[in-house]
Amino acid sequence: MVSIDDFGKFETAWCPGCGNHSILKSVKKALVEMELSPHECIFVSGIGQAAKAPHYLKTNVFNGLHGRALPAATGIKLGNPGATVIVQSGDGCNYGEGGNHFLAAIRRNINLTLLVHDNQIYGLTKGQASPTTFMGHKTKAQPRGNPSGPFNPVAVAVAMQANFVARGFAGMMDHLSDLIVQAVRHPGFSLVDILQPCVTFNKVNTFTWYKERCYELKDHDPGNWSQAMELSREWGEKIPLGVMFRGNRPVFEEKLPHPTGEPLYYNIPSKEKIKKVVQSYA
Amino acid sequence: MRKELNILIGGEAGQGLVTVGELLTKALIRSGYNVHVTQSYMSRIRGGHNTYSVRVGVNKVASPVSAIDILVALNKETVELHQHNVTSNGLILKDQNIGLKKEGLVNIPFKDLAPSSLFENVVGLGFLSALIGLDKSMPEGCIKSVFGQKKPDVVQKNIEVLNSAYTFAQGQKIDGFRLDKSREEPGLMLTGNDGVVLGAMAAGVGFCAYYPMTPSTGIPMSLNARGDELGIVVEQAEDEIAAINMAIGASYAGARSMVATSGGGFALMCEGISLAGMTETPVVVVVGQRPGPATGLPTRTEQGDLNLVLYAGHGEFPRAIFGPGNPEQCFDLTIKAFDLAERSQGPVFILTDQYLADSYRNIVPFDLSEIKEVARPHDQCSDPEKYERYALTDSGVSPRLVPTLGPYLVVLDSDEHYPDGHITEDLEIRTKMVDKRLKKQAVLDADIVPPEYFGPDKPEKLLVCWGSTLGPAMEAIQNADQQNVGLLHFSQVWPLNKEHFKDYFSSPEKVVFVESNAWGQFRTLIEREVRVENAFSILRYDGLPMDAGYILDRLDMLLQGRK
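Each protein sequence line maps, in turn, to chains Y and A.
Each residue of the first sequence is one higher than the one before, starting from 1 at the first, in our numbering.
Each residue of the second sequence is one higher than the one before, starting from 283 at the first, in our numbering.
What the hints contain is simulated information worked out from the structure, not anything from laboratory work.
Wrong hints could be hidden among the right ones.
[Said to hold, decoys possible] Simulated DEER-style distance windows between Cβ atoms:
{"id": "1", "chain 1": "Y", "residue 1": "187", "chain 2": "A", "residue 2": "660", "range": "50 to 60 Å"}
{"id": "2", "chain 1": "A", "residue 1": "509", "chain 2": "Y", "residue 2": "4", "range": "33 to 43 Å"}
{"id": "3", "chain 1": "A", "residue 1": "511", "chain 2": "Y", "residue 2": "223", "range": "31 to 41 Å"}
Yeah, the Cβ is synthetic: ideal placement off N, Cα and C, and Gly gets one too.
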């Protein structure tokens, strides 16, 4: 039996009241529910406050470069298709620096889960606008208000028919933990965009701001793409939470030369096989 | 009977000249000749002017030459551009449809001999085979092996076209181009890229990520073609940044990993190289150089990215850089690169260039039984609870385990980290970790490939080169036989051990560095290690490969004291 304690207790670098704390708790709860042992998972992150999350979890960790968590996770999953690979990083890391990789990961549809801590601001670099910051939001870096429009990750993922698209909220831990379980279990690429307050640098999108707007989806059929598209654009007075879209595009790994799910580590072609290839150059 | 011929096939992109060239090269190698191919092409799919030069010899041929014995012109421009290089007893063959009236041109009725334009390249093959006296079974066999996968009637049609072109050529009664018999054991037909590919396979490569870029694209393409057979995963990434990060991820997951790119793509990979250094993750990086800066001359050759690769990636970490001189060295050093990357737990580089990447040679088949076991990570440890990915050891090398294959945890971080891999800003640990990473330099230093010396015992003049310049420089010293010239070739350009070479520099009157770049980047590197009296440079940076003639002309000028 796997328990919460198996994933350890660590001192964090986060502010008291930061949404990251409850996201971390939800992640642990989800892992326990799936009965995944620490050594069976690989958590991959980039750089940012959210990207530190895997360090506060007793598991395998690849904490790579800013924006590059998804490519690293892609290589890891292709190298070891049997591992449970979960990417955890922020809105700046995944949608800004790593935007191209986000699109490519949806297209590839590798069986991995992306958890984006989306606080609509850059925390680690102290409060600049992120790709999801509202237009007009004043920050020290955008003193005349953010001149650029926000990126809607959920709408983009639904439009591209990512296999699993959901939105959660750090203030609803049980709901979030359930979304993470569904995301990991669904084959192919899964996105859970997680709304979270930044208590220090985002004075607009506060805990109360989210609390007042977020509502749980009822009677939505995630198989209905048009309806999911419609929902994904709902943002403002009301913000829907839950599974927006479930697709069934074939999973990338099915087309690999090693479809058995064996790690490449175990694949050592014989000298005879290599010899045959060499001879074909004669 | 000729001992040697230089055949240049020229035409527009899309006319199939590479197909004729490759078939002819294969037929020559199977007939026991030595070959050296130089491919020159423009960055376009149709039109322009491309050439495929096959230099064939009874004896070794290792360098391009400019004098042409047989010019095969598939368009008018080829005649105009190259006729002045055709030797006085040479021959110009042209497509009969090219409207060019000139004496001494031999027309080939490509259209009459081929049922459709698809077969025109086989007409060229048949004509040339007859002209130089190859047994007809040789090109026939090549057609069967190259087109064998296609429908049998396609193969049959090609052979019929070959026969009629062969017979037509015999009927032309053109003498003086038959090659003397050769006793060379037919070997493999390999480019530098092929050498890298086979070396990677022999080393057990499991993963290669890439973004297409000339001249390295052929490497992942060839690996992918054998993916099902050998279980190699090749992924075309969204960009080079993704490619290097994927390769590092796959290496962490236990696969022997590589990327292949050129200068511009490699520039995008630099942060990833630093990640490999920090996380101590093995990765083999092939950089096929072409002229920069920026997009430069995308399909030509240069050795201009030595400095880039030497210093790529922020921060301080050890690395090794190989500069193979021919396809054999590409094979050997790629295997070595995988082994060294694992043993030093970091990035190892292979620097080739367009000339070498695309240049076919006849190669004695590799003895695979001679290959030593390549180092691997592990999946077991005695005390999984206590396992630390970056445990401090005397050598600086920590045991590398593959995650998820055992009850241990493998934690890797691009931030400075504790021995257990978790993030830290403890500055004492920082110092220890820097020391640990840099200690691994000893692993690289203990295994440096020394430069190879060719020539007389006490040369008056010494040529010094690295990478693909080996063949041209070798021919230069052979052709300069009265002048007492030696050659020192470096197939590993970093790290260097001056004990391996300092004595070579002490006695010659002149030391001449031969490099395909404008700065003499390797000379600067050597002069940082040892003092070289009377140093000179022969440099080339017009995008064409070095050749023996180019080197000797400039050597003469140097000797006469002219600039």
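Hint by hint, here is what the structure shows:
1. Y:187 / A:660: 50 to 60 Å: violated (31 Å)
2. A:509 / Y:4: 33 to 43 Å: holds (42 Å)
3. A:511 / Y:223: 31 to 41 Å: holds (39 Å)
Checked against the numbered hints above, the structure violates only hint 1.
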